[in-house]
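Enquirer: These are the residues of each chain, in order.
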Amino acid sequence: MGPAGRPFDKPVAVARLRLTKAGPARFMSHLDFIRAIERSARRAGLPMALSAGFHPHPRMSFSPALAVGISSECEFVDIELREKLAAGEVAERLESCLPPGIGLVSCSVIDPGVPALSSVIRAASYRLEFRPEDVGAADEVVRAVDAMLQADAVPVTRTTPKGVREVDLRPLVYDLRFERRDELSSLHLLVAAGAEGSARPLDVVQALVAYGALRDGARPIRIIREGLYVLRDGKFAFPC
Amino acid sequence: MQVNLELLDEILDTVEKPARYVGGEWSAVCKDLGEVEVRVLLAFPDVYEVGMSHLGLRILYHILNRRDDVACERTFMPWVDMQGAMVEKRIPLYSLESYSPVRDFHILGFSLQYELSYTNVLAMLQLAGIPLRSAERSEADPLVIAGGASAYNPEPMAPFLDAILIGEGEEAIEEIVDVYKEAKKQNLSRAGLLEALAGVSGVYVPSFYEVHYRDDGKLAEISPTSRAAAYPVRKRVVKDIRAVPFPDRLVVPSIDVIHDRIMLEVFRGCSRGCRFCQAGMVYRPVRERKLGQLCELAERLVENTGYEEISLMSLSSADYSDIRELVSKLLARYAQAGVAVSLPSLRVDSFSVGLAKEVQKGRKSGLTFAPEAGTQRLRDVINKGVTREDLLEAASAAFSAGWQSIKLYFMIGLPTENEDDLAGMVDLAKEVLARGREELRRQGVSRHPEVTVSVSSFVPKAHTPFQWHPQAPMEELVARQDYLKKHLRGRGLKLSWHDVKASFLEAVFSRGDRRLAPAIEAAAARLGCKFDAWHEQLRFDNWMKAFEECHIDPRFYASSHWDYEDVLPWDHISVGVSKEYLVAESKRAAEGIPTPDCRLGECVGCGVCPELRVAPQVLARRIKGVS
Chain A
1 MGPAGRPFDK PVAVARLRLT KAGPARFMSH LDFIRAIERS ARRAGLPMAL
51 SAGFHPHPRM SFSPALAVGI SSECEFVDIE LREKLAAGEV AERLESCLPP
101 GIGLVSCSVI DPGVPALSSV IRAASYRLEF RPEDVGAADE VVRAVDAMLQ
151 ADAVPVTRTT PKGVREVDLR PLVYDLRFER RDELSSLHLL VAAGAEGSAR
201 PLDVVQALVA YGALRDGARP IRIIREGLYV LRDGKFAFPC
Chain B
1 MQVNLELLDE ILDTVEKPAR YVGGEWSAVC KDLGEVEVRV LLAFPDVYEV
51 GMSHLGLRIL YHILNRRDDV ACERTFMPWV DMQGAMVEKR IPLYSLESYS
101 PVRDFHILGF SLQYELSYTN VLAMLQLAGI PLRSAERSEA DPLVIAGGAS
151 AYNPEPMAPF LDAILIGEGE EAIEEIVDVY KEAKKQNLSR AGLLEALAGV
201 SGVYVPSFYE VHYRDDGKLA EISPTSRAAA YPVRKRVVKD IRAVPFPDRL
251 VVPSIDVIHD RIMLEVFRGC SRGCRFCQAG MVYRPVRERK LGQLCELAER
301 LVENTGYEEI SLMSLSSADY SDIRELVSKL LARYAQAGVA VSLPSLRVDS
351 FSVGLAKEVQ KGRKSGLTFA PEAGTQRLRD VINKGVTRED LLEAASAAFS
401 AGWQSIKLYF MIGLPTENED DLAGMVDLAK EVLARGREEL RRQGVSRHPE
451 VTVSVSSFVP KAHTPFQWHP QAPMEELVAR QDYLKKHLRG RGLKLSWHDV
501 KASFLEAVFS RGDRRLAPAI EAAAARLGCK FDAWHEQLRF DNWMKAFEEC
551 HIDPRFYASS HWDYEDVLPW DHISVGVSKE YLVAESKRAA EGIPTPDCRL
601 GECVGCGVCP ELRVAPQVLA RRIKGVS
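Chains A and B are the protein sequences, given in the same order. Residue 1 is where the first sequence starts when you use the numbering used here, and the numbers rise one by one after that. Residue 1 is where the second sequence starts when you use the numbering used here, and the numbers rise one by one after that.
A portion of the hints provided could be inaccurate.
[Claimed, not checked] Pair ranges (Cβ atoms, derived):
no., chain 1, residue 1, chain 2, residue 2, range
1, B, Gly292, A, Ala195, 46 to 54 Å
2, B, Asp69, A, Glu83, 38 to 46 Å
3, B, Asp482, A, Ser118, 49 to 57 Å
4, A, Gly88, B, Glu303, 20 to 28 Å
5, A, Arg232, B, Arg441, 54 to 62 Å
6, B, Pro594, A, Glu83, 51 to 59 Å
7, B, Ala279, A, Glu83, 41 to 49 Å
8, B, Asn418, A, His57, 49 to 57 Å
9, B, Ala191, A, Arg131, 48 to 56 Å
Worth flagging that the hints you see were computed from the coordinates, not collected in a lab. Cβ atoms here follow ideal geometry from the backbone N, Cα and C, with glycine treated the same way.
Bound-form chain B, shown alone (with noise of 0.2 Å):
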C-alpha cells in the first residue's frame, strides 16, 4: 500500500526542500514488498541530510538488500514545515523507496547517533501511528528496534523500544531478521519474538529487566526478569574486519547532503585512550583493514557512485599502519581522474600535516587540531597525549605548507579544569598565530593568519572513565565562555562555543535511566519539544517544564558526583571494557598519568580482548601481552 500521492504531490509544492522526502536517488532499492518474507524500514531521526551522511545507515541498507528474502527501505525525520503538512493532510510517515506507511513495515529499525535526537523518534513513531511504549504495541504494530552510538546507554529510551543492538551491527542485523522470519513462521507472540530476539548476541530487551531505586535516587539494582535475558548484555563486537562485507554499491543522494562522498572505513576502533571519549572506549579493539582491500573498494565505489572524493574514515585515520602507502596509492589511481583523497580528522603532529598536504593541494581551506585542553597537567589528566611542542610543531609545519587558517578544537569543564587551563587555551592560540604570522611574514604573504578556538563542553559519557564526573553546571560553564570571550579577542582570533543548555541535556541523558523516559514523552508528545540538537529549535524552557511534571531533578543526572561503588543505569551493558580498568583510568587521571595506546606495544588490561574474546587486528605490529 502507498500513502496518498496526490496529497503528498500538493504539500511537496509547499515545503522546504522537497527532494528530502521522494527518494529515487542513484542505488536506492526498490523491490516488490509483496514478495519479501522481511520488510526492514531503517529510521534516522533527524533530516534526510544528516540520515544520509551516516555511514553505518548505508552499510546496513545494503548488507540487507543483498538478500533476496528482505527489502530494506529508509525513512527520516521530516523538517518541522513537513511535519506540520503532514499532521494537517493525515499523510503517516512513509518509507523513501516505496511510499508504503511504516506501519506495513515488519521491523522498525532507528539509529541513536545522540542524546538530542530522542524526541524525534517519539515524534517519528507518533507520525507512524505506533504506540510510542513497547507494552503498548500490539500484534500488528511492527517490531521496534534500535542501535548506534548513543544506545550503548540506551535506559532513557527503554520503555519505548522493544529491543536494542548494543555494538556493531553487520552481522547482527541478519540474525535478527533471521530470527524475525523464524518467530513468524511458527506463529510466536510478541513476547515470544522478544524472548528469541534477546538470544541474539548482543541484543537487549529493556522489559525484559526491572530497576530498583534506592531512598536516596541512586540506583539500588538491575535485575533480569526473564530466563531469556543476558546478564550483562555484550556489545556485539565484528571480530573480523576483512571478513564483514563493506558494500560496494552507496545510495548516491541526490541532494547535497553533510557528507556527501564515498566513506571508506579504513580501520575501526581507537585505543588512544582519551578518557572524555566514549568512541575510543566502546569501539575497542582496533582493527584495521588491509591496504590492497582498501584499494579494491575504492575502486568499485568510484565505479559504482560516480563520486569526486573518498573520505578515509575512522576515529583517527592517521593511525592507519600503511596510512603512507594506502594515501600514495590512491593518489596515485586518481589525481589525474578528477577524484580527491581527504583525511577527516587530522592527529596534532607535523607527520599528519605532511598527509594533509599531500592530499591538500592547492587551495588550503582550513586545518583542524584538537588540543582538548589549555595544559600539559589537564591534557595529562585526560590522557591527550599531546604536548605544546606537537601543536605548535604542527602548526608552523602547516603555515609553511600553505595553510593560513587554524581551527583548535578544546573542551571546557573538564574534571579538574581551573582558571590556569582556561589561560593556557589562550596562550596557546595566541602562540599558535605567532607562529602564523612569523612563518606566512617568511614566505613574504601579505594575509594574515586566523586561528578559530571552537570550544565546547565535556559532557560525561557511559563506558568512559569520567563517568562518574558532573558535568560543571551551566553558570560555570558560561562563565567560562565568558572568559575566553574576554580574553581571546584582536586580530586573527575568533570563538565560537556550544550552547550549554544542548550540553547540559545531553549530560542528562548520556548518564540517564528509564525514569527520564516520561520526561521525554511529555518534551516530545505534549510540549512539541524536536529537533533539539538544531539550536534554534531547542526548547529548553519546555525540556525544564517536562522534567518538573515528572518529578524529576535533571541535575541529578549532569551535574552530581557518582561514586565508584555506586550502580550505574548502564551496568548490565558491557562494551567489553571492565569497570576495574575505568576505576583505574579514574583514579590515574586524578594523578595525571598517562595510560599508553596498547598498539604501541603493551598491553593496558582494558579487558575487551578476554571479555569479548576478540583480538585487535594491526597491520604493522602485535601486541604484546595479546595472544
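So here's chain A without its partners, still in its complex pose (with noise of 0.2 Å):
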C-alpha cells in the first residue's frame, strides 16, 4: 500500500434499490438511514465498491432526503459494486440482512456511471391522512383548494435550526387532491423534489390551512411518501 491508502474499487454495475422505510424506521433520520444500508449490504456481504484513501468507504447514492417521522413506500439506493451479480442475487442477499422496518420492492442492475439518484429526482408524491375534523366541509376544501392552485404565489414560513424563512410553495406544488372516507381523509401530493427545490408535506398543510381547507392546528396523523419520479420524455416517471 502506498502512501495514499488503498486505490478505488472500480466499479462494474450499480445495484438500484427500491425500499421501504416504515413502522421503527420512520424515526431514521437520513444519515441513519444510510449507515442502516451500509451495515445491512456489509451483513449481506455485497461486494461493494470502495472508495479510495485510507478510510474507504462504500460507494452510495440515495434518493433527497426523508423528514423524520414520514414512512416511505419509495426511497432509492445505488450502491456500487466491484463485482457484477445478477438482480435476483443482491435481492436474495440483501432481503434477509435488512433491519425490522426497511424492506426491498425491487432491485435492478444497472451500468456504472449513473448521474447520482439525488440529482436526477425531480418529484415527490406523498399521502397525508387527518382525522375527519381536521379536514374542512367539502366545498370549502374545493374551493380551498382551486384558489391555492390558481394563486401567483402561495408563501409560507419555514423554521430551520439558522432561522425563518420564506418560501413560495407554488410553483413547486403540481398537484394535490383530498380523499374523503368516513373514518379518515387522505391528502393525495404531487410536489417537486430533489436538488433543484422541494416541498415538504407540512409546508403544504401550513397553505391548506391558510387557505382554510384544513382547519387551524390540523395535523397529519400520518405522512407516507408513496413516489419518487424523473423527467423522461416530459413525464414522471420511476427511476428504474
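Got two chains here, separate frames each, mind docking them using the hints?
Expert: This is the structure we're talking about:
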C-alpha cells in the first residue's frame, strides 16, 4: 500500500434498490438510514466498491432525504459493486439482512456511471392522513384548493435551525387532491423534490390551513411518501 | 399487554429523537412473552444513546436471550421531553421490544454505572408505577435488582433495590434467573425468593443487613440479620474469561449512539495499580482472551452486525500481551474491506503511539494521554508509572507520526497535591506543545500544534487506597481550576474542566451510606432532580435542599478524612483486594513509593487471587508467587 492508502475499486455495476421505510425505521434520520443500508449491505456480503484512501467507504447514492417521522413506500439507493451480480442474487442476499421497517421492493442491476439519484429525482408524491374533524367541509375544500392552485404565489414560512425564512410554494406543488372516507381523510400530493427545490408535506399543510381547506392546528396522523420520480420524455416516471 | 400505541405514536411526533423510544434495531430479540417462563427487563438509567454504548448491557441481553425459557428486553430513561409527555398521557415506562409495561416483567435489572444516574433509577421506577422502596413492594411487583461499576458501593441505593449483584454478571445472571424460576415453581414469597437469591455467589440483599452508627456519625457496625446473608459478600468473578460466552451478535442501534461500533473486549482487569482508580482494583485479576478467539469473534461480529469499526476494549489495550499481532492480523484482514480498527485508550509511551499510528492511517484526529499528575512526586504518590520523559517521548513520536493535536488528562485535588504539582501540569503541557512546534517545523508543516488539557477533580472511590481521603473542598477545586485557567493561556493551548458541583455529588455518593437514600428520594421524587450527569440538567441547589431536609451534611461524606480503623459503609462487600493491602498502599502513597504491576513478575499481595480463588490469565508470562 502506497502513502495515499488504497486505490478505489472500479465499479462494474450498480445495484439500484427500491426500499420501504416504515414502522420503527420511519424515525431514522437520513444519516441513520445511510448507515443502516451500508451495514445491511456489509452483513449481506455484497461486493461493494469502496472509495480510495485510508478510510475507504462504500460508494452509494441516495434519493432525497426523508424527514424524520415520515414513512416511505419508495426510497431509492444505488450501491456501486466491484463484482457483477444478478439482480435476483443481490435481492436474495440483502433481503434477510435489512433491519425491521426497511423492506426491499425491487432491485435492478444497471451499468456504472449513471448520474447520482439525488441529482435526477424531480418530484415526490405523498399521502397525508387526517382525522375528519381536521378537514373543512367538502365545498370549502374545493374552493380553497382551487384558490391555492390559481394563486400567483403561495408563501409559507419554514423554520430551520438557521432561522425562519419564507418560501413560495406555488411553483413546487404540481397536484393536490383530497379523498374523503368516513374514518380518515387523505390528501394526495405531487410536489417538487430534489436538488432543484422541494416542497415539504408540512409546508403544504400550512398553506392549506391558511386557505381554509384544513382547520387551524390540523396535524396529519400519518405522512407516507408514495413515490419518487424522474423526468423522462416530459413525464414523471420511476427511476428504474 | 402493550402500552397504548396510538397515544404513543402521537407523542413520538412531538419529541426530540423519537427513534430512542421505538426499538426495532437489527438483532433486537422479540419473543412471545407469554411463551417464556421468566421475563427480564434490562434498564439503563440514562438516555438510549448512552445505555446502548454500554458493552455489559449488550452482553447480558444476548446471554439471556440465548435461553428458550427467558425473554430479555430493554428500557432506557426517557429524555426530559418524553418523560413529561409520558406522564401527561399516562403512558407507563415500557420495553423497546414488545412495548410492554415494565410491571409485566418478572425481573427488572438496573445497570448502575455512575453515581449521578441514581435519581434516574427512581424516576424510572416512578414512571413504571413500581414502589420506590424495596420494603413497600408487593408480590405483584417485579423483582428489582442492579449491578455494575457503581454497585461496588451500593449503600446509598440499598433501600431501593431488592438485590444487587456485586461483580461480573455473565454467569451470575443465569443463576439468578434459575433461582427465580425455582422460587416461582415452589410458590415462594418475596422474602423467600430474596433468601434464595442471597445464596447465589455475589448477590447482596441489602435488607438482610443492619447498619449501626456511632454518635459522631461514623459507622459502628454492619451486621447480617438473616442466616442467608453472607458476610462479606464476595465479588462475583469469571474465573476463565475464555470460557464465558461473548456474544457474536450485537444489537445494532438505528441511531447514532456514543460508542457505535464492535466492542471487542480483549482482556478484563488491570493490575497497574493506580491508587485513585477503582476499576484497577475491583476488576482484578487480569484475564486475557486468546488471540485466535478474538480474531474469530471479530470475524463473526463483522458478519453479523455489519459494523465498520472494531474497537479493542479493555482498561489499557496496549497492555494485551499479543497486541502487536492482534492489531496486524485484524488490519490485514479488514483494512481492504472498509472496516477500521481502533484503540480506545493509550498508554503514555512510544510503543502505544506506534500502535495508534498503525491503526489510524491517513487522517489523524487527536491523540490522548493521561499523565494524571504534574510532577514525578505526585505521580509516585498515585502510582502512575509515567515519567516526564515517557510523556515527552510519546508526544514527540505522535507529532512526528503526523498528529497535530494532543489531549492530556490530569486530575486536580489528588491527595498531597500542592501548587508545584499545578505548576508541573502547566509546564508539561507547554513542553509538549514546544515538542510539537519543533517537530512540525522540522517536517515543514505550516499548521500549529494544539495541546488540550482536560482536568477532572479527584473523587475518592470505595475499595481503593484513597478511599479514606477527603475530596478537596469545592472552593479549593475552583481555585485550582482558576490557577490553570490563568496559566494555561496562549496560542495552541486549550483547557477544559469538570463542574466541581458534579464531582462533589459524586464523592458524596461514592463514599455514601444508607442514610443518603432519603435525600436521593427527596431529590428525585419531590425536587425534580434527574439526569444529574448532564451539566445543563444538574440542579445543585435542589440537591442541597434535599440534604438539608434530611438533616444530612454532605461534606461528611465528600470532604472529611476517615481513619483506617473506621468501619466503612462498604466493609461488608469484598472485591477480593484486602483492606490490609489498601492500607499498605495508602501508606506507600504517603511516602511516594511506587508499587509494580504484578504482570511484570512479582505478586504484590493484593489478595484477590487467594480470596476469590482465581488466577490471572496472561498469555505471555507467568506471575511468580501465584499458583
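Enquirer: Evaluate each hint against the coordinates.
Expert: Hint check results:
1. For the hinted restraint 46 to 54 Å between B:Gly292 and A:Ala195, the CB-CB distance of approximately 50 Å keeps it satisfied.
2. Checked against the given bound of 38 to 46 Å, the beta carbons of B:Asp69 and A:Glu83, roughly 44 Å apart, stay inside it.
3. At roughly 51 Å, the beta carbons of B:Asp482 and A:Ser118 sit within the given window of 49 to 57 Å.
4. A hinted range of 20 to 28 Å holds for the C-beta pair A:Gly88 and B:Glu303, which are about 22 Å apart.
5. Separated by about 59 Å at the C-beta atoms, A:Arg232 and B:Arg441 satisfy the suggested range of 54 to 62 Å.
6. For the pair B:Pro594 and A:Glu83, the supplied restraint of 51 to 59 Å holds, since their beta-carbon distance comes to about 57 Å.
7. Remark: the range hint 41 to 49 Å for B:Ala279 to A:Glu83 is upheld by a beta-carbon distance near 46 Å.
8. Taking the beta carbon of each, B:Asn418 and A:His57 are about 50 Å apart, inside 49 to 57 Å as hinted.
9. Hint check: B:Ala191 to A:Arg131, Cβ distance near 51 Å, so the stated range 48 to 56 Å holds.
Of the numbered hints given earlier, the model fails none.
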